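Asker: So the protein sequences, as listed, match chains A and B.
Counting in the working numbering, the first sequence runs from 1 upward without gaps.
Counting in the working numbering, the second sequence runs from 1 upward without gaps.
Hint data in this document are derived by calculation from the structure and do not stem from the laboratory.
A quick note: this is a predicted structure, and the numbers were derived from the prediction, not measured.
Worth double-checking, as some hints may not be accurate.
Claimed, not checked - Partner residues are not named here, just some residues of chain A that face chain B (Cβ under 7 Å, in silico):
hint: 1; residue: Thr135
hint: 2; residue: Gln164
hint: 3; residue: Asn189
hint: 4; residue: Ala190
hint: 5; residue: Ala194
hint: 6; residue: Gly213
hint: 7; residue: Glu227
Said to hold, decoys possible - Selected chain A positions facing chain B (in silico; Cβ < 8 Å):
hint: 8; residue: Gly134
hint: 9; residue: Asp165
hint: 10; residue: Gly186
hint: 11; residue: Leu212
hint: 12; residue: Ala214
hint: 13; residue: Phe220
hint: 14; residue: Ala226
Every residue, glycine too, gets a C-beta built ideally from N, C-alpha and C.
Below, each chain spelled out in residue letters.
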Amino acid sequence: MIDFHVHKPSEGGEGGRYDSRPYTAADYVAVMDELGIDVSVVFTLDGLWHPSPAENDRVAAWVAEAPDRLVAFGTVDPRLPDAAAETERCLGELGMRGLKFHPWIQAFCPHEACMDPIAEVAAAHGAPILFHDGTPPYSTPLQIAALARRHPDVPMVLGHGGLQDHWREAIAAVTGTPNLWICLCGTPNAGMRAVVARCPSQRLLFGTDAGLGAAVSQPFAAERIAEVEQLEIEEEVRAAMLDGNARALLRLEEQVG
Amino acid sequence: MTLVFDAHVRLGVGRDASLTAGELLAAMDRLGIDRALISPQERCLAVDHRDGNAFVAEAARRSGDRLLPYAVASPWRGRGALDELARAADDGAVALALDPAVQGFDLLDGQADPLVEAAAARGWPIYVRTGTPSFALPLQLAELAVRHPQASFVMGKSGATDFWIDARPALERAPNLYADTAYAPWDVVLAGLAAPPIGWGRLVFSTDMPNSAPAIERARHDAWPLGDEARAAILGGTLQRLLP
Ligand SMILES: [Zn+2]
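Next up, chain A with everything else stripped away, as it sits in the complex (with noise of 0.2 Å):
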């Protein structure tokens, strides 16, 4: 099982939240085994708040601790005028697999131009983009899909499958738009019915939001799993969503997993 939606747990401190304890990528992978997780996709949690190259290199270092299991996304704050190369220098230098942003707590709109610079560096490498969404103003699944559709050649990822209130839009936003992909993670039971029922089941993943408990056991990660389980859904589109489809986008066969 590959969890595509995965936080570095928060540093503490002034700039932290949820009173979230640091723990090591290797209790982590413990917690993972537990799970039946068997690679991470990794974004920061601070760097949501404070982009910055420092930031990138945490994840990076985190996630080198256990390479085999932990795939590192990097996120920049797009308006700064060094984005494009700090976006370089994380999927270049850094090895980092694809980029992560959360639009309305970065303080930007999904298909603003200043997107447009990361996503050309991310096309360079084959890089996916995913986004928080699922939350107006700043995150709407068809925001994502007008972005999505400037830069065919990058595929982007609803890291949310709409949530609550946005997962009919998402369901429109992914079958309208081929290099869109859909991550279920909070999405609600009927809204990932439906979202299997309707969506190109090849461009379907699976995610936790782990790393925003406290506790390095996570208890609700372990909820959502259950529930991706138990969801009355072929075998067949479980296993591509599960695995196989993140697998793809990763590249994972190449170098790691």
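Chain B with the ligand: place on chain A using the hints.
Answerer: Structure of chain B with the ligand alone, referenced to chain A:
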């Protein structure tokens, strides 16, 4: 024995999820849920209120007291809505359900106030679905609750997902507001809502069938390390006390 009482289920044919009374009772048996408050589906919240009220009243009558009906009416109907609530009350309703996102009103535009007053006069709790911006938000519901201190309000979905952050300030603002546990992980959300001085006495369990995975909703309350008294209150004791 702990009473397990589901504070919100929608019965009937919905846009993307449906549930029959037989399916609901079977799920309750499977999950150890004794009783459930049942609302009709979205169509009946939006337009066909009388149909909806009659439908859940009939399901409740056939359930041997396991299912208890919500009444529904549109705040836009004015006087007509009060007549509909009276009819539902005669038919066994014990609570009022409102859904600003489906019914198209603003919690603070004044239109819901006569319904709230009518519910409070009957001693009914009021379930209000929250989480959808811009007009179904926890803090707006808290203001409505402050305006009606004699009524009890259940904050449906507790702002899920990105308005979970508002659920705690909403509980702090209005002491007559109760948080719904549906969709909310215990470690990331519920433990924070139940922390002192609010406390576990302000949380009520619901499965929100058929929109959710009910086994997951129910299992959460066994996984959450809580004292027996707190667990029993959240799973049913508090809701039972809110009913007439
Ligand atoms: Zn996340």
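Asker: Next, verify each hint and record whether it holds.
Answerer: Hints versus structure:
| no. | hint | in the structure |
| --- | --- | --- |
| 1 | Thr135 | holds (5 Å) |
| 2 | Gln164 | holds (5 Å) |
| 3 | Asn189 | holds (4 Å) |
| 4 | Ala190 | holds (4 Å) |
| 5 | Ala194 | holds (5 Å) |
| 6 | Gly213 | holds (5 Å) |
| 7 | Glu227 | holds (5 Å) |
| 8 | Gly134 | holds (7 Å) |
| 9 | Asp165 | holds (5 Å) |
| 10 | Gly186 | holds (6 Å) |
| 11 | Leu212 | holds (5 Å) |
| 12 | Ala214 | holds (7 Å) |
| 13 | Phe220 | holds (3 Å) |
| 14 | Ala226 | holds (6 Å) |
The structure agrees with every numbered hint stated previously.
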